[in-house]
Each structure stands twice: as C-alpha cells, then as structure tokens.
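Knowing the structure of chain P, use the given hints to seat chain R on it.
The residues making up each chain are set out below.
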Amino acid sequence: MIKAKQKPIAEIKALLAPYRNILILGCGTCVTISFAGGEKEVGLLASSLRIASAMDPGGQKIFSEQTVQRQCEWEFIDAVAEQINQADAVLSLACGIGVQALAERYPDKVILPGVNTTFLGMAVEHGVLVERCRACGDCILGLTGGVCPIARCAKNLLNGPCGGSQRGKCEVNPETDCAWQLIYDRLGKLGQLDRLSSLMTYKDWSKDYDGGPRKIVREDIKL
Amino acid sequence: MTSEKRDLRAPPPVEPLPPCAATCPAHTDVRGYVHAIARGNFEEAYRIAREPNPIPYICGKVCAHPCEDQCRRKDVDEPVAICALKRFVTERHDLGLGHAPGLSCAPPKDAKVAVVGSGPGGLTAAHDLARLGYRVTVFEAYPRLGGTMQVGIPLYRLPRETIDLEIAPLKELGIEFVTNMRVADVDGLFADGFKAVFLAVGSHVGARLRLPNADLPDVWLNTEFLRRVALGERIDLRHRKVLVLGGGNVAIDVARTAVRLGADRVSMAFLESDETMPAHPWEIEEAKEEGIEMFPGRTFKECVLDEGKVAGIKCVKVDFHGFKPDGAIDMEEFVDTEHILAADLIIFSIGQGPDLSFLPKDGSIAQTKRRAIQVDPVTLATTKAGVFAGGDAVTRVGFIIDAVAAGHRAARSIDAYLRGVDPQTVQPPDPAKLGTIQQKTLDHIRKLDREPLPKTDAALRRSTFDEVEHGYSETQAVRAALRCLTCGAGARVDPDKCIACLTCVRVCPFEVPGVDRGTAEVPVDYCQACGLCATECPAKAITMTLQSDEGVLRQVKLAIMRARSGGEPGIVGFACRYCAYSGESPEVVKAALPANVQVIDVLCSGKVYALYLLKAFEYGADGVFVAGCIVGECHNDKGNVHAGQRVAYVKKMLDDLGLNGARLEMFNTPPGECASLVEDVTRLASKVKELGASPVQPGRSN
Numbered sequence: 000m001i002k003a004k005q006k007p008i009a010e011i012k013a014l015l016a017p018y019r020n021i022l023i024l025g026c027g028t029c030v031t032i033s034f035a036g037g038e039k040e041v042g043l044l045a046s047s048l049r050i051a052s053a054m055d056p057g058g059q060k061i062f063s064e065q066t067v068q069r070q071c072e073w074e075f076i077d078a079v080a081e082q083i084n085q086a087d088a089v090l091s092l093a094c095g096i097g098v099q100a101l102a103e104r105y106p107d108k109v110i111l112p113g114v115n116t117t118f119l120g121m122a123v124e125h126g127v128l129v130e131r132c133r134a135c136g137d138c139i140l141g142l143t144g145g146v147c148p149i150a151r152c153a154k155n156l157l158n159g160p161c162g163g164s165q166r167g168k169c170e171v172n173p174e175t176d177c178a179w180q181l182i183y184d185r186l187g188k189l190g191q192l193d194r195l196s197s198l199m200t201y202k203d204w205s206k207d208y209d210g211g212p213r214k215i216v217r218e219d220i221k222l
Numbered sequence: 000m001t002s003e004k005r006d007l008r009a010p011p012p013v014e015p016l017p018p019c020a021a022t023c024p025a026h027t028d029v030r031g032y033v034h035a036i037a038r039g040n041f042e043e044a045y046r047i048a049r050e051p052n053p054i055p056y057i058c059g060k061v062c063a064h065p066c067e068d069q070c071r072r073k074d075v076d077e078p079v080a081i082c083a084l085k086r087f088v089t090e091r092h093d094l095g096l097g098h099a100p101g102l103s104c105a106p107p108k109d110a111k112v113a114v115v116g117s118g119p120g121g122l123t124a125a126h127d128l129a130r131l132g133y134r135v136t137v138f139e140a141y142p143r144l145g146g147t148m149q150v151g152i153p154l155y156r157l158p159r160e161t162i163d164l165e166i167a168p169l170k171e172l173g174i175e176f177v178t179n180m181r182v183a184d185v186d187g188l189f190a191d192g193f194k195a196v197f198l199a200v201g202s203h204v205g206a207r208l209r210l211p212n213a214d215l216p217d218v219w220l221n222t223e224f225l226r227r228v229a230l231g232e233r234i235d236l237r238h239r240k241v242l243v244l245g246g247g248n249v250a251i252d253v254a255r256t257a258v259r260l261g262a263d264r265v266s267m268a269f270l271e272s273d274e275t276m277p278a279h280p281w282e283i284e285e286a287k288e289e290g291i292e293m294f295p296g297r298t299f300k301e302c303v304l305d306e307g308k309v310a311g312i313k314c315v316k317v318d319f320h321g322f323k324p325d326g327a328i329d330m331e332e333f334v335d336t337e338h339i340l341a342a343d344l345i346i347f348s349i350g351q352g353p354d355l356s357f358l359p360k361d362g363s364i365a366q367t368k369r370r371a372i373q374v375d376p377v378t379l380a381t382t383k384a385g386v387f388a389g390g391d392a393v394t395r396v397g398f399i400i401d402a403v404a405a406g407h408r409a410a411r412s413i414d415a416y417l418r419g420v421d422p423q424t425v426q427p428p429d430p431a432k433l434g435t436i437q438q439k440t441l442d443h444i445r446k447l448d449r450e451p452l453p454k455t456d457a458a459l460r461r462s463t464f465d466e467v468e469h470g471y472s473e474t475q476a477v478r479a480a481l482r483c484l485t486c487g488a489g490a491r492v493d494p495d496k497c498i499a500c501l502t503c504v505r506v507c508p509f510e511v512p513g514v515d516r517g518t519a520e521v522p523v524d525y526c527q528a529c530g531l532c533a534t535e536c537p538a539k540a541i542t543m544t545l546q547s548d549e550g551v552l553r554q555v556k557l558a559i560m561r562a563r564s565g566g567e568p569g570i571v572g573f574a575c576r577y578c579a580y581s582g583e584s585p586e587v588v589k590a591a592l593p594a595n596v597q598v599i600d601v602l603c604s605g606k607v608y609a610l611y612l613l614k615a616f617e618y619g620a621d622g623v624f625v626a627g628c629i630v631g632e633c634h635n636d637k638g639n640v641h642a643g644q645r646v647a648y649v650k651k652m653l654d655d656l657g658l659n660g661a662r663l664e665m666f667n668t669p670p671g672e673c674a675s676l677v678e679d680v681t682r683l684a685s686k687v688k689e690l691g692a693s694p695v696q697p698g699r700s701n
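Chains P and R, in that order, are what the protein sequence lines are.
Position one of the first sequence corresponds to residue 0 (numbering that gives the first Met the number 0), numbered consecutively onward.
Position one of the second sequence corresponds to residue 0 (numbering that gives the first Met the number 0), numbered consecutively onward.
Next up, chain P with everything else stripped away, as it sits in the complex:
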C-alpha cells in the first residue's frame, strides 16, 4: 500500500499561515494504515494545530475535521463538498493522489498536503514500514526470486550485487539488506542459482516515469 509520513508541524504551520478556516481532511485507506492520515491522525494534528493557534498572537484559526473513505475517488470527496466549500483551505492528509483529486475537483479551493507520500510498501512489524515496490511498470520479480532490485537496491541494479555489498548489507545504509544478497539467497533456496549466470538485459524505463505520466485504459470495461 501507499505509505506516507506526516510533514513536520512547522512546515504545516507555515503552509496554513495565510488561512483562517481550515478543514483537515483525512483519508480512510492507505494513509490510515500507515498511521499518517486516518481519523485518529486527523484528531491529533487538529489538536496540535489548535494548541499552536491558541499561542499565536496573530489571530485564531478554526479547524474542522473530516475523514473520507478514499480521497482518490470523486464520489467519496463529493460527499464532503459542503465542508470543503466552507473552508478557506483544505489540509489533506491523503497521499499525493488524494491531494490532486481534491485540487482537480475543487479548482477554486486551496488544497495543501499534510503528509509526504513516501513509498509503496508494508509494515514488517507494528510501527515499522518498509518500501517494497517502485511501480516501475515492468515487473521483474519473476526473475529475481520475488525480491525487487529496483525498489530495494539503492542503485536499481539489474545484475548485482555491487562491490558495496558488505556482509549482506548495503553500503548506502548498513541497516538495509543488500537486495542482491537476498536475491542470491532466495534463488539458492529455490534451486535457481543458474539464473544468475545469464545477464539481465537493459530495462525498458519508458514504462516507468521516464515515459511521462502513465495511464491504463481498459477498453473492455470502460463505460
């Protein structure tokens, strides 16, 4: 799922400085699960901002709170149109998709991001989120034993490891497992080490962001 992290409070305060009536809008799906923008986080951020506002001699702000199921769906964001229209600005705690969906749906409204959308990943334990996918558009996990070198190798190497792999860890961050060590170990367990004897050819990066914003059209199900 999409993982995000709340922006520092100082940055949020600066973003909100010009506005008085502010709607803090949470999203009930990915950012909720990543403890960044669900109903609970909306409440915590609103309370923090009220404390800040109460200490601000420059004038009081009014914060209202709302959470929709998914900010990346027109229907869900339309359900809170009234609150959005009443606000001077909306602080969205959704990922960048939700922020843009709001901006597109409410062209006259100031929509501000409250979180940094960080990566596609999972919780390996409660409170620890890790990146697992870069959405490169051309999945090679079938060749790499189910470990992604694009998302998990700092150099996105297709034929690793590099010389910076030290005792299974990455030279960029000694806490990070070397993706190619993991690939080697997995292929070994699967009895597919021979895969490593052939070079992987270059990757078609046009399917990644390098080809510009991507789009999927399913002609079979379009209305």
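No lab work stands behind these hints: they were computed from the structure.
Wrong hints could be hidden among the right ones.
EDC-like, lysine to aspartate or glutamate: derived pairs with alpha carbons at most 20 Å apart [stated by the list, open to error]:
| # | chain 1 | residue 1 | chain 2 | residue 2 |
| --- | --- | --- | --- | --- |
| 1 | R | 496 | P | 77 |
| 2 | R | 308 | R | 235 |
| 3 | R | 651 | P | 72 |
| 4 | R | 651 | P | 55 |
| 5 | R | 496 | P | 74 |
| 6 | R | 496 | P | 72 |
| 7 | R | 650 | P | 184 |
| 8 | R | 383 | R | 191 |
| 9 | R | 313 | R | 361 |
| 10 | P | 4 | R | 235 |
| 11 | P | 6 | R | 235 |
| 12 | P | 6 | R | 343 |
Treat the numbers as computed from the prediction; the structure is a model and nothing was measured.
Only chain R this time, still in chain P's reference frame:
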C-alpha cells in the same frame, strides 16, 4: 480464527452478561460494583450492589455467592472475592444517604397485598410491591423477622443487628409487619381485603430418618435446634458428645453451633465422601478448624442405646453415588464395616422441607410430589388465582439470593396480575452468559493472589457466637477488586469504520482480536478490556464499553477546571487503575496529591492515547502526567511501555509547537510505593509552577 465463535460483528440478540451477573439469581451487576470499588467510588459501588437486592448487608455476609463459582478468574488463579467486596461496600455505606439511594417509589395504590413469611423472598417481594405503591402486610409466624436468616443462620455468621438494619428501611417504606402470626387460612386473607398473596413460608421442618430409636428425646432435628438457639434459648451442651448426621451447610451450622454451646466433642457423619460432601468447602474448613471431626461415607442403621439412653449410632461404610431421579439413594454398602459412632446427642441434619399444613384442605393450592408448593416456573403463580409462591416453600432448599430473585419475580407477577396484565409477559428473559476464556488468552493474564478475609482465630471462636469473619480494609478491598477481569466490558469494533489494518491483532497482549471477512473482531468472550487496541486503532473503529474517548475528554475538561480553581497552575494526570496507586485506595492517594492536581483513572496507562494528552493542553492544562507501573509489572504486558512512547512523542510535539515538553511527564510507580507517585507529581507541580501558566488559554481556541 473464528471457528468456535458466534458472529461477533452483529451484536448478539441479548448482550451476554459476565458469568458472575448471569449466575447471580438476582443478576446483580457484580462487575459494575467491583469496578467502582477499584476506582475508590465506594458509594457508587453500594448503589449498584443495592439496586437489585434489598438485603445487601445480609448477602455481603452470608450469600452463598454462586457468582464466585463462575468467576472466570478461577481459570487463572482463584475467583474474585465478590461476596467479601459486597460486605465491604455495605460496611462503607453511609446509611444517612438512605438504604436505597436513587430508587424511587410509585404513588400509593389502594390494593392490599399479603406476604406470608419474612425471609429473603418475602422481604424482597414486599419491598418491590411497596415501591410500586401497594399496601403490603407481611405475616411472620415467629416472634422475630427474617425467616431462615433469623431462625436458621447462626449468629456467628450473621449478627442479628445486620437483619434489623435491612428491615428498618422496609418499615419506612410503609410495609406493615405482623409477627407471631402463623397464617392458617389463605382464603381468609382475601376475605380480609387482600387482593393478592405471596406465600414465602420457607422450609423449616427438619427431616428424620425412620431408624430404630430415632424418636428418643436425645435425637434432635436441625431446624428446631437452630431455631431454639437463634431465638435465645440457652441450651447447655457441656459434657455432651454430639453427632450431627448430614454433610450439608445446615449440618455444619448445627455442628458449629453445638461447639459454641460447650459440647465436649462434636462430629459429623454423612453418606458422601470427603470430596463430595455437599457443604461449601470454606464452611467445612472452618468447621474442621473448630475441632469438628468428620466421618464421611456412612449410612445409618439404628440409634444405639445404653441403659435406655442414646449412646451412639450404628453405621455401615458406603460408597455413595448420589440420588436417583426418584429420590432413592444410590449406594453400595461395604461388607463387614458395621460399627458404632459414640454420641449422647444425635442431631439429624439430612434435609428439610416446608410446613404446608396451612394450605387449604380442598387442594386448591396444589403441592408437588416432593411436598412443596406447585407454581408456574415463570410467574410463580400457584394453582389458585391471586396466590403466588416462591423461595424454599417451592424449591425446598435454596440460597438466600435465590429467594431474593423469587421475591422480585413474584412482585412483578403480582403487580401484573393486579393491573390485569398477563404475568407471563412481564418477566425479563434469562440473560445470556459469556463463554469461557480461550487458553492462549488465559496464559497471558497476570496471576494475582486472592486477599483472604480476616477471621477470628478458631480457638477463640469456639466459645462465642461473635462473628467469625470480618470485613476488608479499604486497601484490601481495592486490591481484591482489581483482580476482576471486567469480563464483557471490552472492545467493540464498528465494522463500518474498520479497515482490517490488523493493528488490533498486533497490539493485543492477550491474542484476542482476529480479522475475518474484511473486519476485525474482538470476541467479547475473551477481551480483557485493557483498551490498547482502541488506543492504537488508526481508523477509530474500536471503542471501549467501560471508557469511551468522549467520556475521558469530558473528564479532562472538568478536571482542568477543578485543578485551576484554586488559582494555581492546573495539572491533570491519567492514572492506570491497576498500578498507579500500587493497590492503595485511589481516594487515599489522590488526597495526598497537591490540590491543583486532578487525576483521571484509565483502564491501563497504555489506554492513554496521544490525543488525551494533546487535548488536555488544548483545553488549558498547565501540566499533564501519565502514571503507570514500572516496566515488567503491567497487567497488560507492555501497556506502560506504549504509554511511555506516546508521552515521548507528545513531549516532542509540544516542543515543536513552542509549548515546553517539560510540562508533560510519564511516571512509573514501583509496586507498593504509592509515595513515589506522590513525590513525582509534587515535583512536576513545582516545575510547572516555575514554568508558569500555559500560554494556551481555554476559550481562545475553538
């Protein structure tokens, strides 16, 4: 994960009660009053305990407490001392507030109701009917009120002042009591203008085996013996060897009474084995402490005479298997085991039944085959219109609390009958009961010793009818109450908000929640009500039955107002109900804190969620603390660790906001050292005073 459970996403048709309340015949909200004691709210606890029970003082001392047999803590260590806690709240209750604070009375009605018998059933029915406005007269055959409680239960278990204390408020309700009045003519009561009658005559006729010589003067009956002693007759048993036949609770009462009357030797002989003896284990233990000898596994053949006087009883050893459906004894006699147990006074205590000689001769009030009054089990209506019956007169033998329940049932039926409503329609359905706790959850529950009830030493009590058991102190009561598992008061998941993120599954210290069909479920049978899942749930889909976020935040506002009322900076604390006070009474510890400190009790320090802390500052608190136990001592595994992490997070947030994070602290109280909490809080209070009032002023923010 869900194979053995009902669908918990839909609320069950009847909310299951904790086993204590479901088992209590009067369905007393045990969890409610025990929880109130744990919080130090003793008057609230009394109010809860009193509500379904007009004789809580008596029950606090002598209730057979079937609730404890079902208490689910027995599967962890020992049941919660529920009965002793009821006794504690009655002893703490200020009778100046009334015997039944908060209970109302309907305007008076004309209809008169007669209650025959002033035992627990009769008193309860009279109480309920009087509150409903009826004119109630209670007829009692003996000179003193209370039925078996007065003429059966020995004084060392129930001082008679306790009975008086329950009856005085009933008189104030306008109930008329007529003593020394054995009702002989039920029809005559209707002729006297009574519109309905409740027969609660109890079970006062002891049974005697038809053995040779069993009718001699030195062969007595349990009921008669206890009644004579209870009504003040001074029976001298010095130099006597007493043998009580029977192994039930009444037999124990008889034997222990004989000890107190000076008998040289008192022993008991009965059919059952040591293990299957029907008396309560604690009664048997106390009897043994008082020197009573037990002869289990005996059947009796004849009373043996020596020069025309009773000299003992001829017995044969048996293997007793129980009673057959027709009431016959199922046992095997061992060959060549005939022997004599010597005694010069034999007291039968093998059972008792009601005296039904007063019932109309025309059979209009039918009896059962076992010589009890026949009633409809739902309404307690007898075969005669307008006449209802309950208690031991119907069941032959039951607990006091069974009779209380029957009294309530009868009062509802009589009220319906007098209003022309079908009594079948006014009785509440039997409650559902929570199931047992799964083993993996039991394995995580912290074991806590049961607080023993103080007792007079056995050697001292042999010569006196003074009470044997004494009540808990405040500290003991709070500790005993904190052992409650608060069954059934746990987490509830709102399936519309749940996004199956698995957070609850991961944080629960008791392995209770699961995710099934896209929604988390926290089985009510297993939840330990710690609140950690509710605190962590990012979708706010989980609420706690015992303590909602809204409720806590309301308390926070109020606490700040109170804390600041003296002009000093106001400090609000969140304290774990288990550990922050290290088992002391919360009220005592709170009284030792500075006046500008207000404390809110929470289910666990881990239940304190970051929002409570931020909101406290938002509402204008000058300082805030969280109090739990030291790491490793938490009842909920790591609740205190989670609390510490959240406090650290909010401290940083406060620093970032420009409100000094030093205004917030986490305190960990070591077991038994509540003074350390007082010191920590006092230190925080001085620090906050130095920092001055919070720049966040209530009313300035929205």
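For each hint, the structure was consulted:
1. Between residue 496 of chain R and residue 77 of chain P the alpha-carbon distance is near 19 Å, which keeps this suggested pair within the 20 Å criterion.
2. A threshold of 20 Å between alpha carbons decides the hint, and for residue 308 of chain R with residue 235 of chain R the separation of about 18 Å falls inside it, so the pair holds.
3. At most 20 Å may separate the alpha-carbon atoms for a hinted pair to count; residue 651 of chain R and residue 72 of chain P exceed this at roughly 35 Å.
4. For the hint pairing residue 651 of chain R with residue 55 of chain P, the CA-to-CA distance comes to about 19 Å; that is within 20 Å, so the pair holds.
5. Restraint check for residue 496 of chain R and residue 74 of chain P: satisfied, since their Cα atoms lie roughly 17 Å apart, inside the 20 Å limit.
6. Proximity of residue 496 of chain R to residue 72 of chain P is assessed by CA-CA distance (about 17 Å); at most 20 Å being required, the pair is judged to hold.
7. Distance check on the hinted pair: residue 650 of chain R and residue 184 of chain P sit about 43 Å apart at the alpha-carbon level, beyond 20 Å; violated.
8. Between residue 383 of chain R and residue 191 of chain R the alpha-carbon distance is near 17 Å, which keeps this suggested pair within the 20 Å criterion.
9. Only pairs whose Cα atoms come within 20 Å are accepted, and residue 313 of chain R paired with residue 361 of chain R is rejected, the gap being roughly 43 Å.
10. Pair hint residue 4 of chain P plus residue 235 of chain R does not hold up; C-alpha atoms about 86 Å apart against a cutoff of 20 Å.
11. Only pairs whose Cα atoms come within 20 Å are accepted, and residue 6 of chain P paired with residue 235 of chain R is rejected, the gap being roughly 88 Å.
12. This hinted pair does not check out: residue 6 of chain P and residue 343 of chain R have alpha carbons roughly 92 Å apart, beyond 20 Å.
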